[in-house]
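First to last, the sequence lines map onto chains A, B, C and D. Using numbering that gives the first Met the number 0, the first residue of the first sequence is number 0, and each one after it goes up by one. Using numbering that gives the first Met the number 0, the first residue of the second sequence is number 0, and each one after it goes up by one. Using numbering that gives the first Met the number 0, the first residue of the third sequence is number 0, and each one after it goes up by one. Using numbering that gives the first Met the number 0, the first residue of the fourth sequence is number 0, and each one after it goes up by one.
Treat the hints with care, as some may be off.
Which copy is meant is left open, because identical chains are indistinguishable; a pair holds if it fits in one copy or across any two.
[Claimed, not checked] In silico DSS-like pairs for lysine-lysine, Cα to Cα no more than 27 Å straight-line:
{"no.": "1", "residue 1": "213", "residue 2": "299"}
{"no.": "2", "residue 1": "78", "residue 2": "299"}
{"no.": "3", "residue 1": "128", "residue 2": "218"}
{"no.": "4", "residue 1": "281", "residue 2": "12"}
{"no.": "5", "residue 1": "289", "residue 2": "78"}
{"no.": "6", "residue 1": "155", "residue 2": "299"}
{"no.": "7", "residue 1": "281", "residue 2": "78"}
{"no.": "8", "residue 1": "15", "residue 2": "155"}
{"no.": "9", "residue 1": "12", "residue 2": "289"}
{"no.": "10", "residue 1": "299", "residue 2": "131"}
{"no.": "11", "residue 1": "281", "residue 2": "48"}
{"no.": "12", "residue 1": "297", "residue 2": "155"}
{"no.": "13", "residue 1": "218", "residue 2": "20"}
{"no.": "14", "residue 1": "218", "residue 2": "299"}
{"no.": "15", "residue 1": "48", "residue 2": "78"}
{"no.": "16", "residue 1": "12", "residue 2": "128"}
{"no.": "17", "residue 1": "131", "residue 2": "297"}
{"no.": "18", "residue 1": "78", "residue 2": "297"}
Hints were generated in silico from the structure; no laboratory data involved.
So the chains spell out like this:
4 protein chains.
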Amino acid sequence: MIDFQNVIEAVHKELKSETNKGLVASYIPELSNINPQNFGIFVKHINGKSYAVGDWNVPFSIQSISKAISLALVLPIYKNSIWERIDVEPSGNPFNHLSLLELENGIPRNPFINAGAIVIADMLVTHFKNPKQVFLDYVRDLANDQTIDFNYSVAKSERLTGFGNYAAANLLKSFNNLENDVEDVLDLYFHQCSIEMTCEQLSNAFFMLANNGKCLQQKERLTSSQAKRINAIMLTCGFYDEAGEFAFEVGLPGKSGVGGGIIALLPNHFTIATWSPGLNEKGNSLIGMKALELFTTKTKRSIF
Amino acid sequence: MIDFQNVIEAVHKELKSETNKGLVASYIPELSNINPQNFGIFVKHINGKSYAVGDWNVPFSIQSISKAISLALVLPIYKNSIWERIDVEPSGNPFNHLSLLELENGIPRNPFINAGAIVIADMLVTHFKNPKQVFLDYVRDLANDQTIDFNYSVAKSERLTGFGNYAAANLLKSFNNLENDVEDVLDLYFHQCSIEMTCEQLSNAFFMLANNGKCLQQKERLTSSQAKRINAIMLTCGFYDEAGEFAFEVGLPGKSGVGGGIIALLPNHFTIATWSPGLNEKGNSLIGMKALELFTTKTKRSIF
Amino acid sequence: MIDFQNVIEAVHKELKSETNKGLVASYIPELSNINPQNFGIFVKHINGKSYAVGDWNVPFSIQSISKAISLALVLPIYKNSIWERIDVEPSGNPFNHLSLLELENGIPRNPFINAGAIVIADMLVTHFKNPKQVFLDYVRDLANDQTIDFNYSVAKSERLTGFGNYAAANLLKSFNNLENDVEDVLDLYFHQCSIEMTCEQLSNAFFMLANNGKCLQQKERLTSSQAKRINAIMLTCGFYDEAGEFAFEVGLPGKSGVGGGIIALLPNHFTIATWSPGLNEKGNSLIGMKALELFTTKTKRSIF
Amino acid sequence: MIDFQNVIEAVHKELKSETNKGLVASYIPELSNINPQNFGIFVKHINGKSYAVGDWNVPFSIQSISKAISLALVLPIYKNSIWERIDVEPSGNPFNHLSLLELENGIPRNPFINAGAIVIADMLVTHFKNPKQVFLDYVRDLANDQTIDFNYSVAKSERLTGFGNYAAANLLKSFNNLENDVEDVLDLYFHQCSIEMTCEQLSNAFFMLANNGKCLQQKERLTSSQAKRINAIMLTCGFYDEAGEFAFEVGLPGKSGVGGGIIALLPNHFTIATWSPGLNEKGNSLIGMKALELFTTKTKRSIF
């Protein structure tokens, strides 16, 4: 049995002193003001045990990590009909490019590029009367923590500056791949991205993907097959234009966010969340990526 | 001296009986209801003489032809600083593609693709307090006809369905190439496109481009150099992805619109406007393009 | 313990009767003449046991499957310096497109698109005096079968019609990413693709990738880390533009070839080879893809 | 009447002293050794008069200028069937990109991108027994100067380093848009580009395009319509990715070459050739472009 606590402490110690911690996202004030020295790791084992180090208990903006949660929420409702409106192929392009969307007639390459996540949000807006509340309740239930909340100030800032997302949503609409009003869909999208969680809460929320669909309280949230499929998409598409690199270096399904968080998991074993706000040039947490590389090297645990 | 009246009557007769007149634009009801049998030609010679045949006196939606007028309005104000925000190269792509815009960091390829015309509209919104009225007055003065007006119903329909233009404007905004609010800029853009004019009015309005910058009333609207530059852009970029074909087959600077109108001109000689609402697969008037080909073949007049 | 023999017989029976078996590759006579009714499956378990059904003992052209073998041959020699000349990201494009190669300055997206495999071949030509013989000996040793051979007629046909590969190699050369003569590199490339193997031989040859780098005779061919990395690349890039779909539907690292073969594997468990010559529109074996989907559904075995 | 001699002397004087003369092409030794201080202008009026200044009598490598000559040679033979294999739209891309060629199924965008000129060369190889000699004789006849010749050393250097052209030719072949062997076609192509001519010889050779198809000796080489069409293509496609800029700033049909030469012309008036070996970042002669801008500004002569 691996001594996870020992491993994550070693990883934390090794990386804490790195001078280059990447650049904190600066497009909205709420993100740019975060201290780049924050660094936390949390591991939740399938057997219920937890391991933690550093700033694992500080909430941060989950941003694109929310895309994996919204996919998990929508999958049992829409099932395979999702894939008539979104593909599951890696984008081969940075995360906010519209070119491929246009070339491929408004079908986003996968649910984790912005355009794909906006289509998922559109499905939720169609299905639920109050999709924002439903989404928030879902996250709270998964993490078994009712204190989790939106950061309304972040959501508002995203709305005021998110011209790229408005462009994507309107382009989807022009291809008849958005059923609801652009404003309604983006209202959900900006709020889901604004949710703040700690490393612990994230590890708990994603527990179901390491546990064949059953959440922390062992309630079936997804079928085993649905959980596997989300894992497959996280592995091939979870890290923008760096998905291949992450599979290559780390070898775990995962999802990153521009807030500096990363969630990753080994099916039937554990989930692991890291947080370090500085990003590399691909938009993924610089130290978080290194931490996961070190972690899988030291534990010799990967899906490969 | 060419007998222009004879030529355009022969062209009109030859094409009037064609069974394939192309497909009328169908994305808004106001355009889709136009009778595809409409077909008019009007020639305005630099010496003041006019020649007309068919439905030359029926107003139609000028649509993208307005882009050449807005360029003419903005050029004497912003002069060469325009070209810091827009390029002058052919797009090599259909008229509403965002891909190149994204690849080229928000600098539209030329002022006649939608994104480029939206930047021009942005300049007018910045410069004028009431840009819509200024634009309308400019067109009325150029054509020497105060009855010309917006079609508010068309403008409203464009606003309700113009998701591609909203996408373009937001993408420009995300690249900091739009100074004003997306809604304000598109409000001008949709109204300028909605203006209705007859072949005669169009021929008169573009008179200045055949007359070294001096309009019908011989007032200098553009310097000779500015008129030449607009002509050069019309030749290389005036027909979406068919600009090369038009230069090759017709050999005149010109601009087409999705309403089925085309304006073309031979510097120091004449302007010619055609209208036939059915479009070819590139979005240009099918019969209009053929009419101009026949016209330049019969008159042996082209810039080459 | 799963009854593998039972499972593959059920899969074989279920798919054998499908009327649509896809289209056999037709660009060279040697491939177009293959009977599309051929269908074999072979499973090699890490514990040494074998399971087989159908035409598992008929040799076929391995084609692109050879790209994973050449990567395995080159990796212990050039180690991480490989990645200065080739990336590890999915291509997001069909397998023979040069556009991305040009956009990305001659760095192939991954070692499994043709351009990437040609760079790998170039490394072998630089390193070995007789690279074709070295490559063949390596395959024979891995599969523990000295009867495996090139099909010289296939290699010759590929050379006479492989204009796309000549284009790729010359484009690489123009970007200074090819050290040797185009002809020398393509000579190795066309020969490695022409190798003929049975499902059994393939399963044996790839045994090392399921066995932490140790081949059938338990000799270390790759470090454990190198084996994992090839698996990661197979998962994200092994199926042309269908890699995401394969990860999503099957959930195993694998590699397909235009000859209708597919090799896939579950680390620490087994390798599985299928062969059915008819291809789907993405260029992967239609029945082979379905067989692997059924296999992982029935056995509930995947990396996710 | 304009005093052309006066104008070109003023232009020459103004630009001769510019310190930034651009960068001489360096990919083959024969071009990189040219003195960047060379600068000549030659004007040939339709009335037979000539005007010259500077190094107008020094031969230089015409390179891509030869593409306009090969189009003129092939047009009366293949007529409109040429356009089944090549389009006439601007490329919207730098001159050696293969991406569009691939996207558009092997149909080059126009006859002046390398791939298009290679298809023209292929037509000549199909039609003539000794296409190189036919091409050379054609140039000699047009310029009325039998001393014009290939530079075999340049042609050989191009062959040894022209991997991008080999890539283009093989890609064309893969799309069945090349009838002959790649080597045979490129042998003609590299030789036609290697021809050396003076400004005077170029002005004379292109005389027919300003003279409705009749060459210097008033022999009809092209119909009037064919001459106009080549002029239209030169205007829209003659300057790589800078065609719009050239139309915009200069307003004459023309063609440039990487050897630093530019030919331009005003139909029914004159041809003008400039030579200055330093290139701008788009691959056109830096001083040559400026000279033509100044020339048209001073003479107020352009097609617009």
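Verification of the supplied hints:
In this homomeric assembly, residue 213 and residue 299 come within 27 Å of each other (Cα to Cα) both inside a single copy, at 25 Å, and across copies, at 16 Å. For the homomeric pair residue 78 and residue 299, the shortest alpha-carbon distance between copies (19 Å) is at most 27 Å, but the shortest distance inside one copy (35 Å) is not. Only within a single protomer do residue 128 and residue 218 lie at most 27 Å apart by alpha-carbon distance; the minimum there is 24 Å, versus 61 Å between protomers. In this assembly of identical chains, the alpha carbons of residue 281 and residue 12 lie at most 27 Å apart only when taken from the same copy (25 Å versus 47 Å across copies).
With identical chains, the CA atoms of residue 289 and residue 78 are at most 27 Å apart between copies only, with a shortest distance of 20 Å across copies and 35 Å within one. In this assembly of identical chains, residue 155 and residue 299 lie within 27 Å of each other by CA distance neither inside one copy nor across copies; the values are 43 Å within and 45 Å between. In this homomeric assembly, residue 281 and residue 78 come within 27 Å of each other (Cα to Cα) only across copies, at 24 Å, whereas the closest approach inside a single copy is 31 Å. In the homo-oligomer, the alpha carbons of residue 15 and residue 155 never lie at most 27 Å apart, since the shortest distance is 33 Å inside one protomer and 57 Å across protomers.
For a Cα distance limit of 27 Å, the shortest separation of residue 12 from residue 289 inside one copy, 12 Å, qualifies, whereas the shortest one across copies, 47 Å, does not. In this homomeric assembly, residue 299 and residue 131 never come within 27 Å of each other (Cα to Cα): the closest approach is 40 Å inside a single copy and 35 Å across copies. Proximity of residue 281 to residue 48 under the C-alpha cut-off of 27 Å is found in neither arrangement, the shortest distances being 33 Å within a copy and 45 Å between copies. For the homomeric pair residue 297 and residue 155, neither the shortest alpha-carbon distance inside one copy (41 Å) nor that between copies (48 Å) is at most 27 Å.
With identical chains, the CA atoms of residue 218 and residue 20 are never at most 27 Å apart, being 39 Å at best within one copy and 41 Å at best between copies. For the identical chains of this complex, residue 218 and residue 299 are inter-copy neighbours only, at 21 Å across copies versus 30 Å inside a copy, given an alpha-carbon limit of 27 Å. Taking CA atoms no more than 27 Å apart as the test, residue 48 paired with residue 78 passes in neither setting, with 32 Å inside one copy and 38 Å between copies. For a Cα distance limit of 27 Å, the shortest separation of residue 12 from residue 128 qualifies neither inside one copy, at 47 Å, nor across copies, at 47 Å.
In this assembly of identical chains, residue 131 and residue 297 lie within 27 Å of each other by CA distance neither inside one copy nor across copies; the values are 40 Å within and 38 Å between. When the C-alpha separation of residue 78 and residue 297 is checked against a cutoff of 27 Å, the pair qualifies only between copies, where the shortest distance is 20 Å, while the shortest distance within a copy is 38 Å.
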